[in-house]
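K.L.:
Quick note, the sequences are listed as chains X and L, same order. Residues in the first sequence are numbered consecutively from 1, following our numbering. Residues in the second sequence are numbered consecutively from 274, following our numbering.
Each hint should be verified, as a subset may be incorrect.
[Claimed, not checked] List of simulated lysine-lysine pairs, BS3-like, C-alpha gap at most 30 Å: (1) X:Lys154 with L:Lys441; (2) L:Lys467 with X:Lys37; (3) L:Lys357 with X:Lys154; (4) X:Lys37 with L:Lys357.
[Unchecked claim] Here chain L is said to cover these stretches of chain X; the calculated rule only asks that three of the stretch's residues, wherever they fall, bring their Cβ under 8 Å from a Cβ of chain L: (5) 19 to 27; (6) 168 to 179; (7) 190 to 200.
No wet-lab data here; the hints were simulated from the structure. Quick caveat: nothing in here was measured; it's all calculated off a predicted structure. Here a beta-carbon is modelled for each residue, glycine too, at the ideal position from N, C-alpha and C.
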Amino acid sequence: MGDWTDLLAYDFMRRALLAGFAVSLLCSVVSVFVLLKRMAFIGSGIAHAALGGVAVGLFAGLDPAATALGVCVATALGIGWISERGRIHEDAAIGILTAGIMALGVVLIGFARAYQGDLFSYLFGNILAVGRADLIELAVIAVVVLGFLALYFKELLFVAFDEEVARVTGIPARALSYGLLVAVACTVVAAIQVVGLILASALLVVPAATGYQLARNWRGILLVSLATGWLAVLGGLLLSYRWDVASGGTIVLLLVALFFAAFLVSPRRPGRG
Amino acid sequence: MSAAQAAGGPVEPLVALDGVDLVLDGREVLSGITFSLASGHFLGLIGPNGAGKTSCLKVILGLYRPTRGRVRVFGVPPWKLGRKAHHIGYIPQRYLPERWAPFSVFDVVMMGRLCCIGLGRLPARRDRDLVKETLVRMGLEAEAGRPIGALSGGQLQRVMIARALCRKTRLLILDEPAEGVDLPHQDRLYHLLKDLQAERGLALITVSHDVSMLSAYADELACINRTLHVHGHPREVMESHDLGRAYACEFDFFSHHPQGPVRGHHHHAPGA
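Could you put together the complete structure from these sequences and hints?
P.N.:
Below, the structure is given as structure tokens:
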């Protein structure tokens, strides 16, 4: 035990644990809406588009996290617009848009050879290198997004369940849908800090999916999602430090392992419950 | 009550369409639709598949804007209703929410109160009591805690009606409520709608392709097939020559009406 408590003496470890706690909280809550609205593909697409945003930052000498946020939010709004038009198949359109932005990123990266190290952190995450400024950025994103979700939680659930009827009763369904897309984009950018953009969508999909295995009501799903997220992120962080392995990958492996454990004991399996 | 009403003048209709045209994706779906619905009346919208009945409902609900013409609900265009939108309850067609949706019956009916509770506020005791009362009225109090995925088609429909009724609803709009529901349930459903009409002074608009059932319960029928072919008392409508033209086919019908059964045959010659 002494080993573990020693860790807390390190600044970088305290920051990493705080960042992990905040990002996990954010991702686990957003994950519930990603599950309800079947947005896993959208979340994944936005994470890919983040590469375009990071590349713009590295190329232009701007803060890559900020440009990534800008590009991800713009992508999310674009996805919302595509979904409303409904002229081409929505999933194909989203795939095309996000692939295009990611490809732009790949090309731009080629021009910014001096910053390859930074690129690695954005691709695979580097929670152990979270600085004070990063922590403050994360805190702001978390407060804004969680504030929005908390304020409109019950309406967002209604919109996720039945957007048309919600709109008819006078709820601003369209604005809330767009708001949710922007919330997902901001959460993706936060998740990139912890697990990188390649694995970011896992943090948005697996926690609530695990919750769905074990709970029949959204309240239970939310609780399990939170517990799963914290266990995986904080546990994965500590394990990766102990074993000196990639933190992003460890976290997601732990997340997936928790999902499978839930799946095995799930009352939803045919022949059970 | 408006000044005109107080003076004994004409009461404004709840819903009024005037020369409504609707073009969707380049196709003219509705043309010159004109009718109105008085408060507390039950209107049945009939017509063949793809005739524009659902589109007509969506114009009334403010989900589609007419390309031409006027639509007024409670005196204003439906997209400008604001708080008055609470007075409308809508049950869309073939309501089959994902069987997996993690909401209880109580959760779903409470969704119908959200517009009254307001953004940023939690449901109060009064809201929970209203939801409970509505569940009792719909015979669903035993199902309140069950996940909606576990309910039968008929029960689910009653949950959706309960959701539409747990506020000061004055107009209930149902799109093909008989679809996917077996005959005894359909009968119970229409009886329920008539009871609600009487209890609450509710106005109803119901779309159905089941002409005989609807004609037995509605106060008036309107037959739509892009245009409004006939509108009036069910008996009139069923006996009208225009009905066969609207359906572009021959059909026999038999309908139980409180004033006596209506039996007949519509003959339609192509091109007539």
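K.L.:
Does each hint fit the structure? Answer for all of them.
P.N.:
Verification of the hints:
{"no.": "1", "hint": "X:Lys154 with L:Lys441", "in the structure": "holds (20 Å)"}
{"no.": "2", "hint": "L:Lys467 with X:Lys37", "in the structure": "violated (36 Å)"}
{"no.": "3", "hint": "L:Lys357 with X:Lys154", "in the structure": "holds (21 Å)"}
{"no.": "4", "hint": "X:Lys37 with L:Lys357", "in the structure": "holds (28 Å)"}
{"no.": "5", "hint": "19 to 27", "in the structure": "violated (count 0)"}
{"no.": "6", "hint": "168 to 179", "in the structure": "holds (count 4)"}
{"no.": "7", "hint": "190 to 200", "in the structure": "violated (count 0)"}
The structure is inconsistent with the numbered hints 2, 5, 7, although it conforms to all the rest.
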